[in-house]
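S.K.: Please arrange chain B on chain A, whose structure you already have, making use of the hints.
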Amino acid sequence: MRLDQLVRRNLRRQRVSSSLTALNVGLGALLVSVVLVLRSATAGAFLQPSRGFSLVVGPKGSRLELVLNTVFHLGQSPGLLPYGVFEELERHPSTQLAVPYAVGDTFRGFRVIGTTEAFFDPRFPYPSATSPDAKLESGRSLRCDRAALSAALAALGSHEPPTSSPAVSALAAADEAVVGARVAAALDVRVGDRIEPTHGIEAGGVAHSERHLWQVVGVLARTDTPLDDLVLINLDSFLRIADHAGGIVPETNEPGISAVLLFPKPGVHKALLLSQLNKRSTLQVADVDAEVRALLSLVGNVDRIFFGIAVLVVIVGVVSVAVALYNTLAWRRRELAILRILGASRRTVLGILVGEAMLVSAVGGALGFAAGHLVVAAVAGLIERSAGFRPSPLVFLPEEAIAYVLVIAAGAVGGLLPGLEAYRTDVASHLA
Amino acid sequence: MNVVLEGVRHAYARSGRPALSVGRLVIGSGERLCLVGRSGSGKTTLLNVLSGVLLPSAGRVRLGDVELSTLSEPERDAFRARSIGCVFQTFNLLDQLSALENLTLAQRFAGVAAEPARRRARELLAELGLGERENARPSELSLGEQQRLAIARAVSKRPSLVLADEPTASLDDDSARAAIELLLASTAGGTLLVATHDARVIERFARVTTMDELSGAS
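Top to bottom, those sequences are chains A and B.
Quick note on the numbering used here: the first sequence kicks off at 93 and runs consecutively.
Quick note on the numbering used here: the second sequence kicks off at 12 and runs consecutively.
Next up, chain A with everything else stripped away, as it sits in the complex (with noise of 0.2 Å):
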């Protein structure tokens, strides 16, 4: 019989005790683990997708929820920036690609955006691809032609109008639409399939006014980004929805858009964007990376709370675990006085002592991560609705393992206690 087989049946003995105490612990490993897979999946969620971003220009309010609502597509558009803002900023000499986005609109709970062949230039960091049609998974990217657009942004202000107008009529009718992996796999849309948005970002939004329809022309690659829950479509046909007609800056007077992608040229220019947009008053400039640094720095802090909880609920499991083998002790003497007699040395009471703890410790910690990815599971849907981002609940992070390798040290140092009480045990006046 081995050592680890008497740990087992002592610990089988008292089941319930054993249970209840690898219980404890459990609870405590659920929380690090839930706190531990969310940190990541929300690092991840803002982090990944970020990448390759570099500004976002928008009319003035918070940076951040202009990052937020640009790249992320979360929360509200802050307001409405002058389309000759866009124009300025695609001629600038520091600008390497100027992409615009419209927003308002949703097609069965996925957002829409209005914008140019831009988005699907090589330079633009999602999909990753070289060229604009390998960006796509099936179908070609879409056509916003410049002469449709200034008819429909002339159409909607002082905007100057379009100088061939049987062209621009001819493409008027040219509505087209991308979507983004996801919103073509949960809608089953294809290319060929046509579809209607609807007014507004909230749940369902509601029907336009007038009946228009987009023709899906293409279907982008998988990014793993919010990018796969868009629905693009080309800016022209955005601002000829009749809906749209009150998109005005009220303050010039001009069509809006609701953002600018800026993707400056290498070295200084980033720089020399930035200093040179804020000091605009009618707009602002945020650098991407550092919102989301700023974003995440916050979110570290409350996360930061969630964990040292955490911890405490496991010193909490690992503690009930000392006291649980120390009260055994009352009537464990005699039988640890048996083990001496046979030959056990003290080393190896107390031996039996924590490795009872571990063990303990090493089965509640593994049904607290096991538990803490199902609760993960459960709640990933309403995260995904509140945040944005799907957590996985079956990625297990390195950082688990290590906590719970420490979750079984934490058991050992738990069971020391108990050990060493054991450790003491006179023979002789234990044995009868």
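Be careful, since some hints might not be right.
[Unchecked claim] Computed footprint of chain B on chain A, listed as stretches where at least three residues anywhere in the stretch have a Cβ under 8 Å from a Cβ of chain B: (1) 94-104; (2) 320-328; (3) 432-439.
[To be verified] Over the 10 Å line for every Cβ pair with chain B, so calculated as not near, a few chain A residues: (4) T134; (5) R143; (6) E302; (7) L369; (8) N370; (9) K371; (10) L375; (11) V408; (12) S484; (13) A501.
Don't read these hints as lab results, they were simulated from the structure.
Backbone N, C-alpha and C define an ideal beta-carbon position, used for all residues, glycine too.
M.R.: Using the frame of chain A, we list chain B on its own:
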């Protein structure tokens, strides 16, 4: 293993009362000695001294070639695990283990490998008529069976010295006779010291000594 005690005295620190006094005791290798004494005369203390769990306040204890007082506690533990088997009045079996496991655990501490230990345990259980009950917990056995199991545990590692403290005190006549026969048979060739005041046991020994004789009080 021969046993030699000279000038051994012991007093428990808490009470300060002398608990053991042995002028000189020699037990030859392979000899069987029955130690008789009233309650409180120090029989159990003597057995504890011989098993190495108690270091006497004074005197020498030699077991074979080993002077016990020269060994560290871990060395005494290891020596006890290999060379000394103990039998108790209350059996002191571990009830969370099966009959078979009680026998293999004792051998494990003596350093016997798992498979030979299991083989030896099964042989002993078969000899005791407990072969069919190797998975039974001690509490599921009768008192007689429990004491037979306790004796089997003590001899399972083939010790050179077996110490038995009132091994029949909890047993009826039949069980007591069976237990003492088993003890004598299973320790044949080894040294046996039985502390008792049970006449059924005393009559089976050629050499009987009293605690009073050992202390020189008589």
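S.K.: All hints, please: hold or fail.
M.R.: Evaluated hints:
no.: 1; hint: 94-104; result: holds (count 7)
no.: 2; hint: 320-328; result: violated (count 0)
no.: 3; hint: 432-439; result: holds (count 8)
no.: 4; hint: T134; result: holds (47 Å)
no.: 5; hint: R143; result: holds (57 Å)
no.: 6; hint: E302; result: holds (80 Å)
no.: 7; hint: L369; result: holds (76 Å)
no.: 8; hint: N370; result: holds (74 Å)
no.: 9; hint: K371; result: holds (80 Å)
no.: 10; hint: L375; result: holds (76 Å)
no.: 11; hint: V408; result: holds (28 Å)
no.: 12; hint: S484; result: holds (42 Å)
no.: 13; hint: A501; result: holds (26 Å)
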